[in-house]
Structure formats: structure tokens, C-alpha cells
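Q: What follows is the residue order along each chain.
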Amino acid sequence: MRIKAHLQKLSRWLAVGLTLPVFMSGLANAQQQGVTESEILIGAFGPLTGPVSWVGSGSRDGLALAADEINRNGGINGRKIRLIFEDAVKPAESIAAAKKLTEQDKVAVLILGSGSTGAEAAGDYLRSAGIPSFNIVGVTPKIRDPFARNIFHGASPSADTFAQSWVDVILGQTPKPKKVAIIVGSYALPQASLKALEPRLQAAGIEITRTERYEQGDKDFTAQLLPISRSKPDLIVFLGHYTESALAIKQAGETSLAGLPWFVGAESIVRAFPKIAGPNAEGARSTWLLPYFYTQPEKPMQDFNRKWTALHGTPAEGRPNYVDVLAYGDMYIVALVLRKAGNDLSWKNIIEAWESLKDAKPSDFGPYASDVIFPEGFSSTDHQGNKKLIPIVVKDGDWKAR
Amino acid sequence: MIYLTEFLQVVIGGVKIGAIYSLAAIGLVVIHKATKTVNFAHGAFIMLGAYAGYFGLKFLPYSLVYLLVPIAIGLIAGGIESGVLRSLRRADHFSVVISTVFLGIAIVELVRVVYESEMLSVSPVLVGRPWIIADVVLSRETIWIGLGALTASAIAVYVFMRLAIGRGMRAMASNPRGAQLCGYSVDWIYGIAWFFGGALAGLAGLFAAPPMGVSPELALATLVPAFVAAVIGGFDSLIGALLGGIILGIVETLSAAYISSAMKGAVTFMLLFAMLLFRPEGLFPEVKRRSA
Amino acid sequence: MLSRVLRVVAPSLAIVLISLVGLLCGTYVQYVICIALIAGITGASLVLLVGLGRVIMLATGAMGAIGAYTSTLFIEHFRFPYLLAIGVGGLFGAFGGFLLAIPAGRFRGHNLAMVTLVFQAIAVIGIRELPGTGGSEGMRVRPVQMFGHQFNADYEYLLLIGACTALLAFIISALQQGRFGNTLKAIAVTEIGSEAFGINIGLYRIVTFAITSGCLAAAGGLLAPRIRILDPETFGILASVNALAYPIVGGMTSVWGGLIGGGLLSILPEVLRPLAEYKALIFAVLVILVIGFFPGGILEMLARIVSIARRKPDLQPLPKFNSRTILVDSSTTQSLSGVSAPRHGPALEISDVSVSFGSLRAVDHVTLGVESGAIHGLIGPNGAGKTSLFNVISGFLPPDEGQVRFFGESHIPGAARTYVARGITRTFQHVAIYGPLSCLENVAIGLGHNDIIQSIRSSFVDPFRDPGGIRDRQSAAEALALVGLDGRRHTTASTLSLGDQRRLEIARAIVSRPRLLLLDEPMSGISLDEEQKLLALLQDLNARLGLTMFLIEHNIRFVLDICNRLSVMSAGQIIADGAPKDVIAQPGVRRIYFGERESALQ
Amino acid sequence: MILQVKELQVRYGSVTAVKGVTFDVQEGECIALLGANGAGKTSTVEAIVGLIPKSTGSVFFEGIDISAKQPSTIARLGLSLVPQWRELFPNFTVAETLVAARNAASRRDPMPESYIYELFPQLAERSNSFAGNLSGGEQQMLAISRALIARPKVLVLDEPSAGLASGILDSLFEVIKKIRCEGVSLLLVEQNLELASRIAQHCLVLSVGRLTWSGPIDRAIHDESIRNAYFA
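Residue numbers (my numbering), protein chains in the order written: chain A, 1022 to 1423; chain B, 766 to 1057; chain C, 123 to 724; chain D, 984 to 1215.
None of these hints come from the bench; they were simulated from the model.
Idealized CB from N, CA, C, for every residue including glycine.
It is possible that part of the hints are untrue.
Said to hold, decoys possible - Taking lysine to aspartate or glutamate and the DMTMM-like style, the derived pairs with C-alpha atoms no more than 20 angstroms apart in a straight line are:
hint: 1; chain 1: D; residue 1: Lys1136; chain 2: D; residue 2: Glu1012
hint: 2; chain 1: A; residue 1: Lys1253; chain 2: B; residue 2: Asp952
hint: 3; chain 1: A; residue 1: Lys1328; chain 2: A; residue 2: Asp1255
hint: 4; chain 1: D; residue 1: Lys989; chain 2: D; residue 2: Glu1070
hint: 5; chain 1: A; residue 1: Lys1421; chain 2: A; residue 2: Glu1319
hint: 6; chain 1: A; residue 1: Lys1216; chain 2: C; residue 2: Glu251
hint: 7; chain 1: D; residue 1: Lys1002; chain 2: C; residue 2: Asp699
hint: 8; chain 1: A; residue 1: Lys1197; chain 2: A; residue 2: Asp1255
hint: 9; chain 1: A; residue 1: Lys1328; chain 2: A; residue 2: Asp1392
hint: 10; chain 1: A; residue 1: Lys1416; chain 2: A; residue 2: Glu1319
hint: 11; chain 1: D; residue 1: Lys1052; chain 2: B; residue 2: Asp952
hint: 12; chain 1: C; residue 1: Lys655; chain 2: C; residue 2: Asp608
hint: 13; chain 1: B; residue 1: Lys801; chain 2: D; residue 2: Glu1070
hint: 14; chain 1: D; residue 1: Lys1136; chain 2: D; residue 2: Glu1045
hint: 15; chain 1: A; residue 1: Lys1409; chain 2: A; residue 2: Glu1228
hint: 16; chain 1: A; residue 1: Lys1200; chain 2: A; residue 2: Glu1219
hint: 17; chain 1: A; residue 1: Lys1379; chain 2: A; residue 2: Asp1392
hint: 18; chain 1: A; residue 1: Lys1408; chain 2: A; residue 2: Asp1365
hint: 19; chain 1: A; residue 1: Lys1409; chain 2: A; residue 2: Glu1319
hint: 20; chain 1: A; residue 1: Lys1127; chain 2: C; residue 2: Glu392
hint: 21; chain 1: A; residue 1: Lys1361; chain 2: A; residue 2: Asp1380
hint: 22; chain 1: D; residue 1: Lys1002; chain 2: C; residue 2: Glu653
hint: 23; chain 1: A; residue 1: Lys1253; chain 2: B; residue 2: Glu771
hint: 24; chain 1: A; residue 1: Lys1216; chain 2: A; residue 2: Asp1166
hint: 25; chain 1: A; residue 1: Lys1320; chain 2: A; residue 2: Asp1392
hint: 26; chain 1: C; residue 1: Lys703; chain 2: D; residue 2: Glu1207
hint: 27; chain 1: D; residue 1: Lys1002; chain 2: C; residue 2: Asp651
hint: 28; chain 1: A; residue 1: Lys1369; chain 2: A; residue 2: Glu1219
hint: 29; chain 1: A; residue 1: Lys1421; chain 2: A; residue 2: Glu1228
hint: 30; chain 1: B; residue 1: Lys823; chain 2: A; residue 2: Glu1338
hint: 31; chain 1: D; residue 1: Lys1052; chain 2: D; residue 2: Glu990
hint: 32; chain 1: A; residue 1: Lys1253; chain 2: A; residue 2: Glu1228
hint: 33; chain 1: A; residue 1: Lys1361; chain 2: A; residue 2: Asp1403
Stated by the list, open to error - Covered stretches of chain D (in silico footprint by chain C; criterion: 3 or more residues with CB under 8 angstroms from a CB of chain C, positions within the stretch not fixed):
hint: 34; stretch: 1091–1105
hint: 35; stretch: 1133–1146
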């Protein structure tokens, strides 16, 4: 069943590869970049290979799902969306992908489907290129400052917003924790979250008893758990990937730390986390940037799951993930902006339309769309679409968003 | 002194990880002992063992999986040796070593393409409450992996020292021309050595799956420690690989606990560097005779 | 002269050409060309270390990181101009290479690969932990500022990187095709053959590591502004493994291989965009296929397709030599025989030398003298210990006891490298010539002017003005003429017949005007008619140059013809010594050759 | 005719060590291959058993063409070589070397160790010491036993006398004579004419890669011209 999906994907990409040169020549005379009578060209990139390939493939499949749905229902003001997704994770690859999409494929809008240092490097380039860009995954501040009129941020709030929401959830715990220990990965994303979280915890009068670091991909956390158990914290914060947090919490269950409450970063909110972490994960908390978790019964979520499987086939373990969901939602935000910009799709006009978008959600574009993200609003000085984060907790072996 | 129990707990954690490193190192040493080549694709074989274990456990009981997976990975390794490496063997040692590096990458990328998922979880074999001895926690998983490493090295030593096949491999390692005159064919012995090394890698994968999870990253995560453990043991001694792994596990965990986690990676390599400089033949050198 | 200059400068010209053509393309293509040029230089510098030095280098990423981070930090904190910062980055890289080379001197094969991997891991962890490098979140790199102008457009970067990579390409190409590269090729083919002619193998290895790492660091410095953010992941182990594929796929024997391999493989991901998910797999499989079916890489494929005509003989105006005149006309031989005028007294004294391997005593208290100007032979059946004694004399095997003295001076055991300078050279039983080099280059190395500074300097100077080169090449050509290989100056040594290869070895051994020539079974494998010619040549050399010769040989007819003194060795001891005719007649000697019964019938 | 060699040629790069050698060995016969050092004796026999590649020529053993076969297959067919420098396994004990050597017997039932220890009593005492620690003579005995234990039909000995003191040679060649009487065909490569004449009746003289003379060994010993050719 997997092989068929691959061959299908392979043949579709080959088709894109071959027709591209032909398509490009036809573009020369378009009045605005990336727009013809029948099509709007939208570019995106993200990691499809390597350890973080789940982010890239999530963006690609989520964006493709929304684009396909929009095209089947008449497209944007009569024009169909044509999506080009490039694989890139490191800085060199990301800049190359961004330049290819902007300068060679001449896309109308560019979507950053990656959160790594590659996205930061591409952001730096896009700031000077001026093309309207939409960062839907990256939380690190480097993409957000210095502020640029052409760069917008979607469903993923900034690291500071995350940190503030975490502090609120930690303080909301009963009994209110006074001493907190932190286990944090030594790689890009966790370090950024730590920089944002530490000052806020201290400001809230919470004592950080220990901060233990670990290497990316570590499997054994004895060395970190021991000093922490000695420091007798009321709560432990784990900043890092779910493959690491789940193992740490499982191993903690076998030590004197068993039963202690845990707070985990956004990367741990996946189906496999409770399964790997086992019983000790019960009651683990975090904050969630979407209204629902995948397994929740609400209609928009179930519609989304059904539509995703219809287009992409039975999902592999761990898919669709949160990037699939927010990519789907944020593609609708782009569709709303382009529809609002009307026929003049010059960069200036797109940016102005984008900055005037208030309280937008997928169903505003069409009833068939599923509202699986929080409404997003922009202004000329605030390009952060979504700032809302809701508490989420592991109950009976699965994540439940309240 | 509460610190003693903590120290013991760290050491036990180190033994658990060290046992996995030993398991990984034994297969590496078996292949090197018979064929004088270091298999840089060994980590990829371990990862294959873990994935085979994950899928096998969906349909078969533990006992069958722990029997069939090593054989399957062994056959793959043997097939690769006779298919890809045999023609290279005529070329110089340099290109054989480099080809195993890229062979390992090819296998990892193939698995990443075929099965896109992030990380798969395998429940441990022995489930239940851990033993608490003087409030030092000894989990069943630690015992299972420790036992696994001991049995695997016992099997490897038995096959190498007692069985005819093992004698053939030792003869080939000691003097290839003399071995051929005793009727041992080079291609057959190399094939068997890679099968045997591959089977041990499969076994290592099965034992590593529950604690380390099943993901493409398992390949590199096990290759480097396996190499360091083998060098500590003396690269030609199976017992050395077993003890080398345990020593490495303990040293790594101690340095992470008492110095800093970033040091863990650095310590692994400092240890390797020191061994290569001062005891290249390792702590447990095989009995070496100066032949006339 | 012109074709040598062209060959050295050609790679740089190619880079300049590509950069100029790049100006016409779109900005995206210009960006890709910049990355490809830097990858090409990475591949080219690896050719020196991986191709010629046969080192499995896994620390390429770390060296690039040293260059990139050092240059960026020097620009940020000390306001260094860009090019100077790149230079400083290169120096730091070279120092890193030097550090890596010291332990690497003791290891080979997979152990050496692991040493470089250790360096790679420690360097990456070090950079991440150092304050001010931005750790794993990366460090932002400001656009290049030069002469008050800030580089923004792609074409500006293309010209800057084109110029810098052209300069680096020239350095690497000069070294690879010059005397330095030849010496590395010689070491790779035969370490004992190089050691015997004064090549300090350890020092060459360290310098090769330093030069390659310096270039890799400079390349890292060039890359930094183009990728705007430096993070340890870019220079991780995967970068080193991919870089290792550049010289392998391109072709390990020449700077072109590195350039082509690096350029193509860095463009591959752009071409494979539609198959993005599979690109890592395709890359790995491609490398395995190249190693399996095209060990010579793309270069070999090109050579096979174009089947470039054999190298044209060099048209340099060297003074015309006639081998006959050389032997008769004393004036020209004056320069030849000046140094080694025959002197009286023993050329070689062996006193009470013993060597044993485990329980086997190969040389048992041997004492032997070789008169100056003599041709002294040593014979004996298989396993008599001749070769062990010869290796002791030639400085390759330290004796367990006893002393070896040359022309009265005591001899430091084991320092074979110092022999050439002291006028002692040797040939080898299994011809140890430098196959990939031309006859002239083989003999030039025989001169012994192989110290590292000199060979680097002449690699750069020779193609243009080459003062030193003329004198060396002249005496090399003289030696070739002496042994009758005058017409074969530029033929590759490996294509010669065995007889000619023996002649080449003799030419290499006499070009430095030695006082004593050690010959290790010169006639093994030689045909009958070839034997007569070599016999005449050796006799001529002994007569004309007063060259003392000591040889071990199985072919007894040859020994009886050429030697004026003969010793016989059996089971580790000298059992006979004196004039050849009476030594052969002694019953003891006949018994060890024909056995007991025969002498009884005599 | 148990072993037939036709137009055998062996080349190392530009050196042609063996230039077209043709000879055959009858069942139960013992032939000596004589010649000065470097004449190509070792290259010839090592090419016959497949240890080194042949450039041209073919070899038939009991009528089967073994030119392209692996050395291990040839050893199992019953053509075993005692190599020039013994090539033993240094970290194997004497006993274990013999056990490993039985592997070449394939379907034939190997000789019992007791018979070997009878042939070479010295080995019996040293059965537990490592091969690397044996003296030169003992190593040669072990090398011969290793080739013998698989009951070969043709035994090739490459300069058994090399590097051995004269005292040991007499007892060693006595044993080789005894082996001959067991009906094993022998191809003895030897540099020492006198030792060879104790065992072989027929001999071939090799000089610079070519067979220059063949005939009964007694004539070879006394014929001055052959001895000179020998010295060639």
C-alpha cells in the first residue's frame, strides 16, 4: 500500500519537473509575477529528508490538500492555485530554494514550511527580495526581527508567546509549583524556547532548581534525571522533540521522580508520545496552537482527517501531524488574501490586502473548508496571524485539548 | 551517603547503554576479525534489525522474532558482501572501506523513503516493576539488555572458538593463503563472516529497539559507539568488544551526569583518541605470536 | 615551458570562464554557480589528501567550519577586511590540519578515518559550546564589505568567489602537478622506495594535511556570506561524507577530478528537485556505482571516451646528449665523476652483526669488509639471511647487535632517509620505481633534493622560471642518457619493460653521484640478453665513476662475470670470502648448492 | 596421468616469470622440479594450485580442467601444496592446525592424528604449543602434516629444505621418502640436487622461466652441462 503511494508521488513530481521549463517560458509576459489568466503560482519549501523530514512533508501535504480543495471549488477569482514545493533544510539549500522560487519560477507568494536555521537564512534573503512571504512553522525570533513589511507569520505564534502561555499553564497548576527543573535539548528549537521561557519563569517568582542539557537524539536520560531528583522540584519542564521527551518521562517513571507532573514543549504533542512514554505521561501538560487535537471527535477535525486520507492515502505512523493541519489552514489564509487583492496581484497590493485581513478563518473562503486553525488577523505593524494557545493535557493515554 | 546510591544508579544506567554498545560492537569485530575490513554500514544493519523487529512483532511472538530477524539481517549482509563488495575486494582496501560508508547511507535513506514515519515504539520484552536494592532502581529492561549482550557475545565466542566455521574464519584472518590451502574458500568465508556479523547486528537492533526507539537515526547513534567500544576492546577480541562497550557506556553516563551533557559526546571521542594513541592494540589484545 | 604553465593555470582559467559565463545567467543560477565553485575547490583540495595521500578524510566539515566561523568572527569583532579574514581563517584551518596530522602519522586505513572523525566531532561540539558563536541557533553573517562597497547582487558575489576560487585552484594545481605532487604520488606507490631517497614521509603527510585543511577553511570562509547563517549542522559529519564523494566521483588523481566532482555533485540536488525525497539515496547509490565500475571517476570516463593521445614528448631545448661522448669525453664526465673519485680504505665495514626473528636467527655474528671501488657480491641459497643482512646495511632493519660503518664514519642504524645525502643509494629486488611519474621525474627524485620547502617552492617556480629545475632536469637527463633511456624522458615509468625499469632504477640510484651503490638481486626476472646489457652498464659505471658496488644475487653466472670479490652465506653465517673463482671451487660452497653426495664423487 | 600442465605462463606486470611450461606427473610417480633461485619454480607450482593467477596455459588434474578453479577447490580435489615459507597460522596450536587442515579432505576420510604424530614424533610433544613458537624444522613438519592429513592424491612440496640447518634435513627427507611409499604422487620443488635425488627418479630443470632439460635425475647430477645450466 505504501509503494503505490510512492509511485504515484514519483510520477506526479516527474510531471512537474518536465513541464516546468515549458511553463516558465509562458510566464514572461504575465503583468504580475506568478499570475496568468488561469493560474496563480505559489512556492513553498521545507525539509523532506533528514531527521526533521516530518516538518517538510507535513507542510507539503497540508498545503497540497487545501490547494486541491480550493481548485476543485473554482479556485481564487477563477484562477487555479499551482503549488511548487522544494526540499531544503540547511541554510545553503533554503536560500537556493527561495531564490529558485522567487527569481526563476517567479512565484506570486512564498511559504516557509521549515522552522530550522535554514528558514532563518531564507528569511534574511526574502527580507531583501521583497516577495510576500508566509512563515507558517518557524517560532524562532530570528525570522521575526528585524520587522519586514513583506513577511507574515501564520498559525505558529512566536517563541515569546509560547513561553508566556507555558508560564500561565504552569502557574495554573494546583498546587501551584514553586520549584521547577528543566531538561532542554542543546539544538536550535529547544534553546530558543529556553531563552524565552527562563526570564518569564523567574519573573513569575518560580525558582529554577536545575537546568539539564542533552544531545539531539539522546536515548538515555539517567544522567539528567538524577541531579533533578536530588533537587526535589515540584514540576519538570522538558523542551525538545517527542522522541526524546517520551523516553525521558518513561525512564523517570522508573525512578523516584515517578508521578511528578511534567510540562512539555509543542514538539511533544503527537499521538506516539503517550504510547512511548507510557503511564508516567498521564497528566503531562502543554499548550496547543490549534483548536483541536487530531483524535478529538469535533466535526472540523474529523472532516480534515477524512479529506487528508482521501488525497494522500492511509497515513504513516504519526501523520497527519500538526504541521499538516496548520499548513492546510494557512493556505486558506493566503487564498483569502489573494481573493481580497482582486485582480491586481502585484506584491504591493497583496501586502496591503494581507495587512487588512482581520479575524480570518478557512470557512470564510468557502463552506467546504474545515476550521482547524484559530482565526488569524494582521495589521501594518503586527504580522503575527495567530497568538492564541490553549492548554492541552494527556488524559487516559491521549492528548486532549480543552 | 545519598551520593553513593546515585553513583550506583548512574553506573547501572551506564551498564544498560554499554550493553547495547557491546552488542553493536561484537558484530563489527566479527566481520573485522575474518575479513580485515571495518564495516561502516554496521549501524545501518542494526537499524534494519530494529525495523524488522518492529514489523515482526506485529505478526509473530517474541521468540520467533528474536530467531528470524537476526537470520534475515544476516542474509542481507551476506548478500551485500557477495553481491557488491566481492567485486570491490579486488580493488584496494581504501575503496572497500569508503563503499561501506556510502552503503550504510544508502540503506538508511532507503528505509527513510520507504517508511516515512518519525519514530516507532517497541514495548520492552520483560515488563514489570523494577527491583529496588538499597533504593538503587534496577529496571527489568536493564537486566534484559545486559543478558542479551552476554548471550550474544557467548554465542559469538562459541561459534568462533569451537565451530568449524569459526576455525575457518580465524584461519582466514591469520593467513589467507594458508587457509585456502586447507580448503577454505575466500568467498565462502567472507560471506559467512558478513552473515554472522549481520545476524549479530540484527540481534543488537532487536535489543536496542525498546530503549532507543526505532528510527533511521539509530544507525549513526549505534555505529560510532560500536567502533569506539571495538577499539577499546582491541578490535580483534570478542571479549574485548563486550567489555569495551560496558566501559564506554559507564564512562559516557558518568561524564554526562557529573560534568555536562555536551561532554558526553566529547568524552566518547577523547576515549577513542587516547586508546588509539596509547593502546592501539586495545585493552584485551588477542594472543599475538611473531610468526617466523 | 608554455605547455607546463598552461597545464598548471588551466583549472583557474576554467573557473574564471565559468564565472564570466555565469554573468549572463539568472541570479538563481549565479547563486548555484557560487556554491558549485566552492564545492569544486573543496573537492580539489581533497585530491591532495585523499587522492594522492590516500587518507580517508572525514573532518572536511570541521575545517570548513573553522574557516567560516574564524573569518566571520574576525570581521565582526576586529573589523578585518574580508579577504584578510579569509586568509586568517585559512591559517587557522592549516593549524587544525597540523594538529590532526600529528596523531594521524601513526595510523592507516580505518583507524585514520576514525581519528579524522574524532576531530570532526570535537570541532563541531567545540564551536557549538564556544561563547559568541551563537551555538546551535546559528550566527548571522553580514554581507561582504570591501573598499567601502557592500556586496548585495549575486553577480558581485560570483566575481568575488570566482576570483578567490581561481587563486586557490592555482595553488592546488601547482602543488598537485609540481614536484610536491610527484613526491606524494611516489610515497603512495612505494614508501620504502621514497624513504630510500631522502623523502621524509611523516613531514610530507603533515604538510599535506595542513595545506588541504587551509584550503578547506578558506572555502568555508568564502561560503559564509552566501549562506547568511552559520550553524554547526551545515558543517556536520554529513558534509564531510558528501565532500569525500567529490574526489571519488570526479577522479582522485588530478585537481580536475576534484573540481568536476565537487561542481557536479553540488548541482545534483538542484537538478534532482522533482525527486527531492530520493536525492540522498540517489547520491549514495551513485557513489557506490562509481567506486564499483569507474574507480578512476569521471576523469577516467572522459579519458576513455576522448582517449586523449599519449602525452607529446616535451620540446624543451635541453643540450643534446650523445651517450657515447659522455663516456669518452672527460670534460663532461668531469662534472659527473667529480664527487666520487675512488679513495682507498674500506667503503663498507660490517662487524659482528646479528638479527633474529622470534626463534629464527637470520644473521649470526657476520663480519664483512667491502673495498672502495670494488664490486662485491654476496650469494647463498634461499633462507640464508642475505636479504636480512642487506636490509641492515641499507638502514631499513636495525640489527640486534653489531655495527655497520661507511667509509670510516659510523652509521646511525635505521636512518635510511639520510643515506642519499651521505652518498649511499640502492635498488630493489621488486623494482620500486614511481609508476605514475615519467622517467625524468623518477630520476629527479633520485637526486635527493626532496626536503619539503624546496619541493613546494619548485612546484610554484618551476613552470615559470625554474632555475633550480634546469640543473636538476639536466643531471636527471644525463643519468637517463647514461643508462640508455635518453629517448624515454617523458614516458610514464609503469609502461617500461622490466629491463628498462631496472635501468631506470639504476639511473635514479646514480644521479646523485653516490660513493656506494647497494644492489638487491638486480638480475631477478631478467632475460638472458638483457642481462648482458645490464652487466656492461654496471661495469662501465664502476670503471668510469669509481662507484663501489655491493650486491646480493642468485644468478651465479652473472656474479662470477661482474664481481671482483665474492662472499657466500649459509644459515646466517659467512662461510666463504675472497676472489670469485676460488670461492666457487671450495667444497663447502659446492655442498650447500649440490648437497653431500655430489662432492664425494668429485 | 594424474597431473597434466600445458603451456603454463605467469606474468607479474612486465615480468614474465614462467614462459610456457609443459609437463605431466604419472600416478604414484615422484618428479623433482630443479633450478636456480628466481628460475620461476615457486611461480609455477603456485600457479598450478591457483594461489597466483595464470596468464595463459591450462592444468588438468585426474582429467578435470582445474585451470580456472579456486585454490580451496583444488585443495579439496586432492592436489595440496606445502608452500615455500610454510604459511602456518601463528595463533593456532599444532593440534588445532591439524583439525583445520581436515577441512580439505571433503568426501575423503582424513588421516587420524595418531598417524601424523607417528610420522613426526617431535610434533606429538609440541601438539599444544602455538605454531609461531615452533623451530624452523618443526614448522616444516607441521606444514607437511597440514597438507598430508586430507589424504591428497598429489602432494607438491615447495623447497622443504629452505632455511633449515643440515642436521634436520636428513630426518625430514626420510619422512618424505616414507610418504612416497604410501602411494602419494609427489612434485618436489628443490634447489638442492642431492636432497632431491634421494626421493625423485625423474627431474625437470627450469631456467629463467623455461624447461631446459628433463630426464632421470642421476644423469642430471653427473652431467656437467646440466650443472652449468643449473648455474645459469
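Q: Each hint: holds or not?
A: These are the hints, each one checked on the structure:
Of the pairs offered as hints, the one joining D/Lys1136 and D/Glu1012 holds, with about 11 angstroms between alpha carbons and a cut-off of 20 angstroms not exceeded. Proximity of A/Lys1253 to B/Asp952 is assessed by CA-CA distance (about 61 angstroms); at most 20 angstroms being required, the pair is judged violated. Using a Cα cut-off of 20 angstroms, the hinted pair A/Lys1328 and A/Asp1255 is violated, with the two alpha carbons roughly 43 angstroms apart. Only pairs whose Cα atoms come within 20 angstroms are accepted, and D/Lys989 paired with D/Glu1070 is rejected, the gap being roughly 28 angstroms.
Of the pairs offered as hints, the one joining A/Lys1421 and A/Glu1319 holds, with about 12 angstroms between alpha carbons and a cut-off of 20 angstroms not exceeded. In summary, the hint linking A/Lys1216 to C/Glu251 is supported, as the alpha carbons are separated by about 16 angstroms, within the 20 angstroms threshold. Simply put, D/Lys1002 and C/Asp699 have alpha-carbon atoms about 35 angstroms apart, too far for the 20 angstroms limit, and the pair is violated. Our distance criterion of 20 angstroms between C-alpha atoms is met by A/Lys1197 and A/Asp1255, whose separation comes to about 9 angstroms.
Taking the CA atoms of A/Lys1328 and A/Asp1392, the gap is near 13 angstroms; set against the 20 angstroms cutoff, the hint holds. With a C-alpha separation of about 17 angstroms, the suggested pair A/Lys1416 and A/Glu1319 falls inside the 20 angstroms cut-off, and the hint holds. The hinted pair formed by D/Lys1052 and B/Asp952 meets the criterion: a straight-line CA distance of about 13 angstroms does not exceed 20 angstroms. For the hint pairing C/Lys655 with C/Asp608, the CA-to-CA distance comes to about 16 angstroms; that is within 20 angstroms, so the pair holds.
Restraint check for B/Lys801 and D/Glu1070: the C-alpha separation of about 18 angstroms stays at or below 20 angstroms, so the hint holds. Proximity of D/Lys1136 to D/Glu1045 is assessed by CA-CA distance (about 9 angstroms); at most 20 angstroms being required, the pair is judged to hold. Using a Cα cut-off of 20 angstroms, the hinted pair A/Lys1409 and A/Glu1228 is violated, with the two alpha carbons roughly 27 angstroms apart. The hinted pair formed by A/Lys1200 and A/Glu1219 meets the criterion: a straight-line CA distance of about 13 angstroms does not exceed 20 angstroms.
Between the alpha carbons of A/Lys1379 and A/Asp1392 the distance comes to roughly 15 angstroms, so the proposed pair stays at or under 20 angstroms and holds. Of the supplied pair hints, the one linking A/Lys1408 and A/Asp1365 is violated, its CA atoms being roughly 30 angstroms apart against a limit of 20 angstroms. For the hint linking A/Lys1409 to A/Glu1319, the alpha-carbon distance of about 19 angstroms falls within 20 angstroms, and the restraint holds. A hinted pair counts as satisfied when its Cα atoms are at most 20 angstroms apart, and A/Lys1127 with C/Glu392 qualifies at roughly 16 angstroms.
For the given pair, A/Lys1361 sits about 14 angstroms from A/Asp1380 by alpha-carbon distance, which is consistent with the 20 angstroms threshold. Taking the CA atoms of D/Lys1002 and C/Glu653, the gap is near 17 angstroms; set against the 20 angstroms cutoff, the hint holds. Only pairs whose Cα atoms come within 20 angstroms are accepted, and A/Lys1253 paired with B/Glu771 is accepted, the gap being roughly 14 angstroms. Restraint check: the Cα-Cα separation between A/Lys1216 and A/Asp1166 comes to about 16 angstroms, which is no more than 20 angstroms; the hinted pair holds.
With a C-alpha separation of about 9 angstroms, the suggested pairing of A/Lys1320 with A/Asp1392 holds against the 20 angstroms cut-off. Among the hinted pairs, C/Lys703 with D/Glu1207 is consistent with the structure: their alpha-carbon atoms are about 17 angstroms apart, no more than 20 angstroms. With a CA separation close to 15 angstroms, the supplied pair D/Lys1002 and C/Asp651 stays within the 20 angstroms bound. In summary, the hint linking A/Lys1369 to A/Glu1219 is not supported, as the alpha carbons are separated by about 39 angstroms, beyond the 20 angstroms threshold.
For the hint linking A/Lys1421 to A/Glu1228, the alpha-carbon distance of about 29 angstroms lies beyond 20 angstroms, and the restraint is violated. Simply put, B/Lys823 and A/Glu1338 have alpha-carbon atoms about 14 angstroms apart, close enough for the 20 angstroms limit, and the pair holds. A distance of roughly 17 angstroms separates the Cα atoms of D/Lys1052 and D/Glu990; the hinted pair therefore holds under the 20 angstroms criterion. For the hint pairing A/Lys1253 with A/Glu1228, the CA-to-CA distance comes to about 12 angstroms; that is within 20 angstroms, so the pair holds.
Of the pairs offered as hints, the one joining A/Lys1361 and A/Asp1403 holds, with about 19 angstroms between alpha carbons and a cut-off of 20 angstroms not exceeded. Chain C is given as covering the stretch 1091–1105 of chain D, and this is violated because 0 residues of the stretch bring a CB closer than 8 angstroms to a CB of that chain, at least three being needed. Against chain C, the stretch 1133–1146 of chain D contributes 3 residues with a C-beta closer than 8 angstroms to a partner C-beta. That satisfies the three-residue criterion, and the hint holds.
Going down the numbered hints, you'll see the structure goes against 2, 3, 4, 7, 15, 18, 28, 29, 34, while the others check out.
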